[in-house]
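Here the protein sequences come in this chain order: A and B.
Read in this note's numbering, the first sequence has 421 at position 421, and its numbers run on one by one without any break.
In short: position in the second sequence from 1, add 1000, done, that's this note's numbering.
Everything labelled a hint here was simulated from the structure, so no lab data went into it.
For clarity, every value in this text was computed on a predicted model and none was experimentally measured.
All C-beta atoms, glycine included, are put in the ideal place defined by N, C-alpha and C.
A hint or two may mislead.
[Unchecked claim] Lysine-lysine pairs mimicking DSSO-like chemistry, simulated, CA-CA at most 27 Å apart:
{"#": "1", "chain 1": "A", "residue 1": "Lys367", "chain 2": "B", "residue 2": "Lys1106"}
{"#": "2", "chain 1": "B", "residue 1": "Lys1131", "chain 2": "A", "residue 2": "Lys197"}
{"#": "3", "chain 1": "A", "residue 1": "Lys197", "chain 2": "B", "residue 2": "Lys1062"}
{"#": "4", "chain 1": "A", "residue 1": "Lys485", "chain 2": "B", "residue 2": "Lys1145"}
{"#": "5", "chain 1": "B", "residue 1": "Lys1062", "chain 2": "A", "residue 2": "Lys450"}
{"#": "6", "chain 1": "A", "residue 1": "Lys147", "chain 2": "A", "residue 2": "Lys27"}
{"#": "7", "chain 1": "A", "residue 1": "Lys362", "chain 2": "B", "residue 2": "Lys1131"}
{"#": "8", "chain 1": "A", "residue 1": "Lys431", "chain 2": "A", "residue 2": "Lys450"}
{"#": "9", "chain 1": "B", "residue 1": "Lys1013", "chain 2": "B", "residue 2": "Lys1062"}
{"#": "10", "chain 1": "A", "residue 1": "Lys262", "chain 2": "A", "residue 2": "Lys143"}
{"#": "11", "chain 1": "B", "residue 1": "Lys1131", "chain 2": "B", "residue 2": "Lys1106"}
{"#": "12", "chain 1": "A", "residue 1": "Lys209", "chain 2": "B", "residue 2": "Lys1019"}
{"#": "13", "chain 1": "A", "residue 1": "Lys485", "chain 2": "B", "residue 2": "Lys1120"}
{"#": "14", "chain 1": "A", "residue 1": "Lys262", "chain 2": "A", "residue 2": "Lys328"}
{"#": "15", "chain 1": "A", "residue 1": "Lys485", "chain 2": "B", "residue 2": "Lys1106"}
{"#": "16", "chain 1": "A", "residue 1": "Lys181", "chain 2": "B", "residue 2": "Lys1019"}
{"#": "17", "chain 1": "B", "residue 1": "Lys1013", "chain 2": "A", "residue 2": "Lys181"}
{"#": "18", "chain 1": "A", "residue 1": "Lys362", "chain 2": "B", "residue 2": "Lys1062"}
{"#": "19", "chain 1": "B", "residue 1": "Lys1018", "chain 2": "A", "residue 2": "Lys197"}
{"#": "20", "chain 1": "B", "residue 1": "Lys1146", "chain 2": "A", "residue 2": "Lys485"}
{"#": "21", "chain 1": "A", "residue 1": "Lys181", "chain 2": "A", "residue 2": "Lys114"}
{"#": "22", "chain 1": "B", "residue 1": "Lys1131", "chain 2": "B", "residue 2": "Lys1109"}
{"#": "23", "chain 1": "A", "residue 1": "Lys27", "chain 2": "A", "residue 2": "Lys370"}
{"#": "24", "chain 1": "A", "residue 1": "Lys262", "chain 2": "A", "residue 2": "Lys12"}
{"#": "25", "chain 1": "B", "residue 1": "Lys1018", "chain 2": "A", "residue 2": "Lys147"}
{"#": "26", "chain 1": "B", "residue 1": "Lys1106", "chain 2": "A", "residue 2": "Lys362"}
{"#": "27", "chain 1": "B", "residue 1": "Lys1109", "chain 2": "B", "residue 2": "Lys1159"}
{"#": "28", "chain 1": "A", "residue 1": "Lys105", "chain 2": "A", "residue 2": "Lys197"}
{"#": "29", "chain 1": "B", "residue 1": "Lys1131", "chain 2": "B", "residue 2": "Lys1167"}
{"#": "30", "chain 1": "B", "residue 1": "Lys1109", "chain 2": "B", "residue 2": "Lys1145"}
{"#": "31", "chain 1": "A", "residue 1": "Lys362", "chain 2": "B", "residue 2": "Lys1159"}
{"#": "32", "chain 1": "B", "residue 1": "Lys1120", "chain 2": "A", "residue 2": "Lys181"}
{"#": "33", "chain 1": "A", "residue 1": "Lys431", "chain 2": "B", "residue 2": "Lys1131"}
{"#": "34", "chain 1": "B", "residue 1": "Lys1131", "chain 2": "A", "residue 2": "Lys450"}
{"#": "35", "chain 1": "B", "residue 1": "Lys1159", "chain 2": "B", "residue 2": "Lys1062"}
{"#": "36", "chain 1": "B", "residue 1": "Lys1145", "chain 2": "A", "residue 2": "Lys197"}
{"#": "37", "chain 1": "A", "residue 1": "Lys11", "chain 2": "A", "residue 2": "Lys105"}
[Said to hold, decoys possible] So, partial list: chain B residues that the calculated Cβ filter (under 10 Å) puts toward chain A:
{"#": "38", "residue": "Glu1017"}
{"#": "39", "residue": "Ala1027"}
{"#": "40", "residue": "Gly1096"}
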Amino acid sequence: MDRTDTRMMFKKILIANRGEIAVRVAKACREMGISSVAVYSEADRSSLHVQLADEAVFIGPAPAVDSYLAMERIVRAAHEVGAEAIHPGYGFLAENADFARLCEKEGVVFIGPKSAALELVGDKVRARQTMERAGIPITPGLKTIPKDRAEFERAARTLGYPVIVKASAGGGGKGMRIVHKENDLGPALDAGRREAKSAFGDETVYLEKYLESPRHVEFQVLADNHGATVHLFERECSIQRRHQKIVEETPSPALDGALRAKMGDTAVRAMQAAGYNNAGTVEFLLDNDRQFYFLEVNARLQVEHPVTELVTGVDLVRQQILVAAGEKLSLRQDALRQHGHAIECRVYAEDPSNNFLPSSGKIFVLKEPKGPGIRCDSGIYGGWSVPIYYDPILAKLIVWAEDRDLACRRMEAALGDYVILGIHTTIGFLKDVINHPEFRAGRLNTSFIKNNLDGWRERAGGEDALRLALVAAAFDDLNSAARSKAPAGRTAAKTGETPWTTLGRWRIGGA
Amino acid sequence: MEFEYIVDGVPRKIAVEKKNGTFLVRAAELAFAADIVALSDSEIMLRVDGRTTIVYLARDGKRKIVFVDGRTVVVLEPDAAAEAFSRADEKALDGGLQIRAPMPGKVIKVQVAEGEDVRKHQTLAIVEAMKMENEITSAIDGRVKKVHVAAGELVDADKMLIELEPKNL
């Protein structure tokens, strides 16, 4: 904050999001001496982000369209509490140009790109047109939106199957469908439109040629409002399922210095072509011949931003806030370095043994890993119930170490220390991703899960673990039996147990 | 004291007795001494032969969820296990005729009508939870006997969505 004109800096920021990212932003605000305001729906009354922010405003019923996507309500809340700026996090309104415009009109600073830039890159089709004009290679696909089903079918035939249906308004796997034959195109378009409508409020979809097994490599960019643009190197996000990233890392095992410099330079040019400001990410697909193609711009803080923070030492949320307040970037491209290696694992409330079905419900026990080089960005706590209404991300586990191999080992150990009881999570699955020989060798591509871990099932513990589990269960019942005999009877009343139900489960006289 | 539990469908007996500050455990043909300390309401430290293990334990009605060495073990009381079995039996006997919601969510679309023939793997309905659409497919070739839900409806896990009947009935 040494270069900050404190008269310009915000005093209060409203965070228009929930979960781990709202927590992350609230913490950055606190460090900067800015007071934070959470918003919450009916389903999030006692959620972690509400607990951590300095103030909280109720904005509506559980469904996101009535709360976290309700633009007017959120801007009104900002006015009511006197917040000068809104941080949108990721998802929800983060890439919604209408929302950015509404903020501009209402005199509230939107912490993100200006509405014109957001509109351009948020419209995936227009973004592709712009990039192509700027001489940036793009993936084969449509550059306009077809009028009807027949036109979609013709376009798909021209591209050649497989094609991928994509939402023009968003990313994160929402609205995406891979189509291998013409019969499946209609239903895929319908499903893509519905999902896009529900996730982004815009049902426009288009087609790209589906590349079978590329790497997904993206570049973090920061641009201020005064024309300066830098990149903070790459993140490799090839480990995906349902088109959603689950493991990200930096540096990418696929890049050398020359390719990194070339892609970084292209990313900066792409953002300049789009007239982009604030933090953003340029996504590329990288094929086996080291050719790269512009995929899209993610006009927001990314879920996977922490890996960049750990190797560059730059706090991206703080940078976003500084840029939004009108500060000039203090970062210079030639002074930025990557130091060591960082990996992120996304912990989702899903059952990896059962087709990654979402898993909502109560978290009975939570224990997050700690230790040197371990960071856990979390939106949950023990005793909280995961609602059914929102994205199933619970937390992100991020590790840093001197090199990739050490980072893998650190991640493996940290995942082993991560305890979430009561709901299904992806932790066990992530452990097997990190331990996989192909992952360790850095041979990554977007088909990694399909090729290496399809039909994954949680392994049962060994006989020793089972025996210890039984000892623990018996010890617990022994204790609760003892407690229920206690004269005050407080424990029994609290748990709703009577001595009769407690006593009924064991037989006396065994030993 | 002797306890009986069911783990993965297999009955397990275990006896634990406190003696001079330590615990004697008998499980199947094994007998051993263990130091056991409750570290908190959900953490138990076990020390057997000098090896320390921290076990995490959650209580959910007649079910305990126990986490040991990176694995989750669900320990059921015998009567809870019996209930679970009869539900599983019902499902197995039913042969895929009852289509139930796999998780709580919102019915986005019902793709079939009563009386309609369906193929194996055909999508019958779409249930959305946590912003992802999940296709509910048929496990059999058959015919739709009854549709129990409509688009827009919120459903709990295990709620009956659609009933099928064999085709050549």
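Results for each hint:
Distance restraint check for Lys367 of chain A and Lys1106 of chain B: the Cα-Cα separation of roughly 31 Å exceeds the 27 Å cut-off, and the hinted pair is therefore not satisfied. A threshold of 27 Å between alpha carbons decides the hint, and for Lys1131 of chain B with Lys197 of chain A the separation of about 11 Å falls inside it, so the pair holds. The hinted pair formed by Lys197 of chain A and Lys1062 of chain B fails the criterion: a straight-line CA distance of about 42 Å is larger than 27 Å. Only pairs whose Cα atoms come within 27 Å are accepted, and Lys485 of chain A paired with Lys1145 of chain B is rejected, the gap being roughly 54 Å.
Of the supplied pair hints, the one linking Lys1062 of chain B and Lys450 of chain A is violated, its CA atoms being roughly 37 Å apart against a limit of 27 Å. Restraint check for Lys147 of chain A and Lys27 of chain A: not satisfied, since their Cα atoms lie roughly 46 Å apart, outside the 27 Å limit. For the suggested pair Lys362 of chain A and Lys1131 of chain B, the alpha carbons sit about 19 Å apart, so the restraint of at most 27 Å is met. Taking the CA atoms of Lys431 of chain A and Lys450 of chain A, the gap is about 16 Å. The hint holds against a cut of 27 Å.
For the suggested pair Lys1013 of chain B and Lys1062 of chain B, the alpha carbons sit about 16 Å apart, so the restraint of at most 27 Å is met. Only pairs whose Cα atoms come within 27 Å are accepted, and Lys262 of chain A paired with Lys143 of chain A is accepted, the gap being roughly 25 Å. Taking the CA atoms of Lys1131 of chain B and Lys1106 of chain B, the gap is about 10 Å. The hint holds against a cut of 27 Å. Proposed proximity of Lys209 of chain A and Lys1019 of chain B is contradicted: the alpha carbons are some 70 Å apart, above 27 Å.
For the given pair, Lys485 of chain A sits about 56 Å from Lys1120 of chain B by alpha-carbon distance, which is inconsistent with the 27 Å threshold. Between Lys262 of chain A and Lys328 of chain A, the direct Cα distance comes to roughly 25 Å. Compliance with the 27 Å bound is thereby established for this hinted pair. Note on Lys485 of chain A and Lys1106 of chain B: the hinted pairing is violated, with a Cα-Cα distance of about 45 Å set against a maximum of 27 Å. For the proposed pair Lys181 of chain A and Lys1019 of chain B, the alpha carbon gap of about 70 Å is over 27 Å, so the pair is violated.
Of the supplied pair hints, the one linking Lys1013 of chain B and Lys181 of chain A is violated, its CA atoms being roughly 55 Å apart against a limit of 27 Å. Restraint check: the Cα-Cα separation between Lys362 of chain A and Lys1062 of chain B comes to about 15 Å, which is no more than 27 Å; the hinted pair holds. Distance restraint check for Lys1018 of chain B and Lys197 of chain A: the Cα-Cα separation of roughly 61 Å exceeds the 27 Å cut-off, and the hinted pair is therefore not satisfied. For the hint linking Lys1146 of chain B to Lys485 of chain A, the alpha-carbon distance of about 52 Å lies beyond 27 Å, and the restraint is violated.
With a CA separation close to 40 Å, the supplied pair Lys181 of chain A and Lys114 of chain A exceeds the 27 Å bound. For the given pair, Lys1131 of chain B sits about 14 Å from Lys1109 of chain B by alpha-carbon distance, which is consistent with the 27 Å threshold. Distance check on the hinted pair: Lys27 of chain A and Lys370 of chain A sit about 18 Å apart at the alpha-carbon level, within 27 Å; holds. Distance check on the hinted pair: Lys262 of chain A and Lys12 of chain A sit about 40 Å apart at the alpha-carbon level, beyond 27 Å; violated.
For the suggested pair Lys1018 of chain B and Lys147 of chain A, the alpha carbons sit about 77 Å apart, so the restraint of at most 27 Å is broken. Under the criterion of a C-alpha separation no larger than 27 Å, the hint pairing Lys1106 of chain B with Lys362 of chain A is consistent with the structure, at around 19 Å. About 15 Å separates the Cα atoms of Lys1109 of chain B and Lys1159 of chain B, which keeps this hinted pair within 27 Å; it holds. With a CA separation close to 25 Å, the supplied pair Lys105 of chain A and Lys197 of chain A stays within the 27 Å bound.
At most 27 Å may separate the alpha-carbon atoms for a hinted pair to count; Lys1131 of chain B and Lys1167 of chain B exceed this at roughly 34 Å. Note on Lys1109 of chain B and Lys1145 of chain B: the hinted pairing holds, with a Cα-Cα distance of about 17 Å set against a maximum of 27 Å. Among the hinted pairs, Lys362 of chain A with Lys1159 of chain B is consistent with the structure: their alpha-carbon atoms are about 19 Å apart, no more than 27 Å. Note on Lys1120 of chain B and Lys181 of chain A: the hinted pairing holds, with a Cα-Cα distance of about 19 Å set against a maximum of 27 Å.
The hinted pair formed by Lys431 of chain A and Lys1131 of chain B meets the criterion: a straight-line CA distance of about 25 Å does not exceed 27 Å. Taking the CA atoms of Lys1131 of chain B and Lys450 of chain A, the gap is about 22 Å. The hint holds against a cut of 27 Å. With a C-alpha separation of about 22 Å, the suggested pair Lys1159 of chain B and Lys1062 of chain B falls inside the 27 Å cut-off, and the hint holds. Of the pairs offered as hints, the one joining Lys1145 of chain B and Lys197 of chain A is violated, with about 32 Å between alpha carbons and a cut-off of 27 Å exceeded.
With a CA separation close to 20 Å, the supplied pair Lys11 of chain A and Lys105 of chain A stays within the 27 Å bound. The criterion of a C-beta within 10 Å of any C-beta in chain A is met by Glu1017 of chain B, whose closest approach is roughly 4 Å, and the hint holds. The restraint placing Ala1027 of chain B at the interface with chain A holds, with a minimum CB-CB distance near 5 Å, inside the 10 Å limit. Evaluation of the Gly1096 of chain B hint against chain A yields a violated restraint, the C-beta minimum of about 16 Å exceeding 10 Å.
When the structure is compared with the earlier hints, violations turn up for hints 1, 3, 4, 5, 6, 12, 13, 15, 16, 17, 19, 20, 21, 24, 25, 29, 36, 40 and for no others.
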